[in-house]
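Please construct the entire structure, taking both the sequences and the accompanying hints into account.
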Amino acid sequence: MKRCILRLILLPFLVACSLRPACADEDLARVRSRGALRIATDATYPPFEYIENENVVGFDRDIGDELGKELGVKVQFISMEWSGVFAALETDKVDLVMSGVTITEERKKGYTFSRPYFLSGQVVARRKGDTRINGPDDLLRENRIAAVQSETTGQYSMEKRGMPKDRIHRFDTLQDGILDTRNKKSDGAVGDLPAFKDIIRKGYPEMEVTSKTPFVEENLGIVARRQGRDLVAAINVALERIMTDGRYARIYEKWMQEPLPLATLAKLHEVRNAGALIPPEIVASTAAAMAKPAIKEADTALTGSAFSLRPDILKTALPILLTGARLTLLLTAVTLLIGVPLGLLVALARLSHFGLLRGIAMVYIEIVRGTPLLMQIYVIYFVLPALGISLPAFLSGVAALSLNAAAYVAEIFRAGIESIDTGQREAAQALGMTGGQTMRYVILPQTIRRVLPPLTNEAAALLKDSSLVSVVALSELMRVGKETATNAGSPTTIYLAVACIYLAMTLPLTALVRRLESRWQFVRRTPKGAK
Amino acid sequence: MSGAILTVDNLVKSFGRNEVLKGITLSVAEGEVIGLIGSSGSGKSTLLRCINHLESPTSGTISFRGKTTRSDPASLNVLRQEVGMVFQRFNLFPHLTALQNVTLAPRKVRRIDAEKAREEGEKLLAQVQLAEKADNYPGELSGGQQQRVAIARALAMNPAVLLFDEPTSALDPELVGEVLEVIQLLAAQGRTMLIATHEMGFCREVAHRVCFLDAGRILEQGPPEIIFENPKEIRTREFLTRALHH
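For the record, the sequence lines run as chains A and B.
At position 252 of the first sequence the residue is numbered 252 (our numbering), and the sequence of numbers has no breaks.
At position 72 of the second sequence the residue is numbered 1072 (our numbering), and the sequence of numbers has no breaks.
Mixed in with the good hints, there may be bad ones.
As the list claims (entries may be wrong) - Here chain B is said to cover these stretches of chain A; the calculated rule only asks that three of the stretch's residues, wherever they fall, bring their Cβ under 8 Å from a Cβ of chain B: (1) 423-435; (2) 444-452.
As the list claims (entries may be wrong) - Here are the simulated SDA-like cross-link-like pairs (lysine to any residue), alpha carbons at most 20 Å apart as the crow flies: (3) LYS1108/B with TYR441/A; (4) LYS1108/B with LEU444/A; (5) LYS1108/B with THR438/A.
The set of hints was computed from the structure by calculation and includes no laboratory data.
From a predicted model like this one, the values you see are computed outputs, not experimental measurements.
The beta carbon of each residue, even a glycine, is placed where N, CA and C say it ideally should be.
Below, the structure is given as structure tokens:
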């Protein structure tokens, strides 16, 4: 169901990481001795995982907790961007990924999958009563457009059917895909059944799925590292117990809002070898849990449309968003405190008389400017540990953002310094001032006034760019916003609130700078009486 | 007038292939005021800028009090404290007040304490008739006032020699007088000065010796009354005719 990671970017690093001396399968022992099972998840995917009251909840969460009980360890769920979960697994920052991951042959090459623990599949969602669309093939017709979550099996299944790429609208979240169809920008959304049901129930009464039978069936598995086969063997045993003693059925009902279909457990048993090839302990299946009386399917909408603004949900959402905002501010402030002085030093090195210093500064600036910030964050968080430098998430974020900002700040300072009239330097030198004194007392005070506007730009950009560090599991404002929006029922309200909070942070900054600028006005007046 | 304080010997300065100074030899006695005249591009500014090494000479030597000056940073800082300069475009520091412009170098270079530097600075500003503008920024002053602050700033380091690089060329005509007055006052105090200028009347009045530069050479030099009234060289005569009647 879910996206493939940014494999292309990451591949070289993952290869580098896997070059560490291969330790044989001992993940289970390490989890046991640590007493904690660390599980990465992208908690924007109800009903499997999403954030409620600052906790990860959902189907995967409950299954994960049961696994912990079976293994006799505590369970920690760590929410991060989907694009970061596999990298976190590779670099041993977590033991497992549980994020509604589809078992595919491609992924099996790189990771160890548990036996399937959920049967899922692709369906099409349409606007209620739009009878033109009854299945995936109706979307293939000329000029029709499908909306999907980017790099998921939903996208792949449509591509496999021969749908041209430019007619597939790809989005970050499945919610955005539904929204696109709701807005008549696409004709149908393709994704998996349980997720669609949940989204529609929570905020899109005007949408429906075309069929309750998937047109492509998929197995979801729990993912461990390649060397984690022992852990997976234990997980498989635990899953067997959970499935057979009724816990699975309970959790299923709780989150899927319908009873566990009779055939499902049998099917899950049938495909028990679809995960990694580990000598499986075959446990006899019991049907005890499946014999339960049916509970009526809850299919009615719980709340209003996703479009109605619902200020009432802000009461609970706002405090959560503000914790995200606090982290965003802290990240930005610390980054500026490090990045601006560092940038000034780099600028001075760039203008230095020493060729070596100048060369180092130039290489640094070119590397930072020439690579994506996201990549730099990955390198610092996921690749440096392979070289023995392991920084915690916050420090990694600050380090990546500071190193990035410093390069841009350096160029701003350099342009500022070079814009000062050479007469200023000559006048200072003619008075016997050294190069350092000239820079400190004459050039820099004038430079700072001039670079203030571009520096403000940089600070505002930084405030927003800081959202990229959510890939290393930092719950800053944008990440918290996404997590809240997937569950709150009215994403519009949440995103509007997030936008307002960002504005509330940037506006005081620009106001402050405007005041500073007018205070330093004297620099700009043109001399009177000069020709 | 006592012995030579500044000697320039066979100074050559090229910018790329363009030879601007083609062997200048000049000796300046203590207390002497030298006027440098000549058309634009004759090398007056370059000569002054070479004397305090704002431009490094291509060849030839410049000696101060008998010692050849060198281009390394340490020697330069010493030389420049002894040789002050006033620029055509003032080059005041726009982020500092008039008083701060005057006191910056004494405080940071001579390490005089702030209180004493302020007293000295106020005296110097009073000397150039600008006591009441001490707290104004350069942007709030007229061109003539700015140039007088620039002179006070140069004087604050108490240099043995003052170089003036066309100090009135960037000024409106009505503001020229106030600046020339200040320079005349300095001459009367016995300051050693080299003044590149286009103000012929002023030059004649204030200079003890006038040098006429032509195409990178000192073509003719002598007391002002001789140079201005009875120049030997035909080029000098032509220049003066143009300069006095334009």
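_Check the hint pairing LYS1108/B with LEU444/A against an upper bound of 20 Å on the C-alpha distance._
The hint holds at about 15 Å.
*Does the region 444-452 of chain A contain three or more residues whose Cβ lies closer than 8 Å to a Cβ of chain B?*
Our answer is that it holds, as 3 residues pass the Cβ test (under 8 Å) against chain B, meeting three.
*Residue count check for the region 423-435 of chain A against chain B: does it reach three with CB-CB under 8 Å?*
It holds, with 12 qualifying residues against the three required.
*Straight-line Cα separation of LYS1108/B and THR438/A no greater than 20 Å?*
The hint holds at about 10 Å.
*Are the Cα positions of LYS1108/B and TYR441/A separated by 20 Å at most?*
holds, 9 Å
Comparing the model with each numbered hint stated earlier shows that all of them hold.
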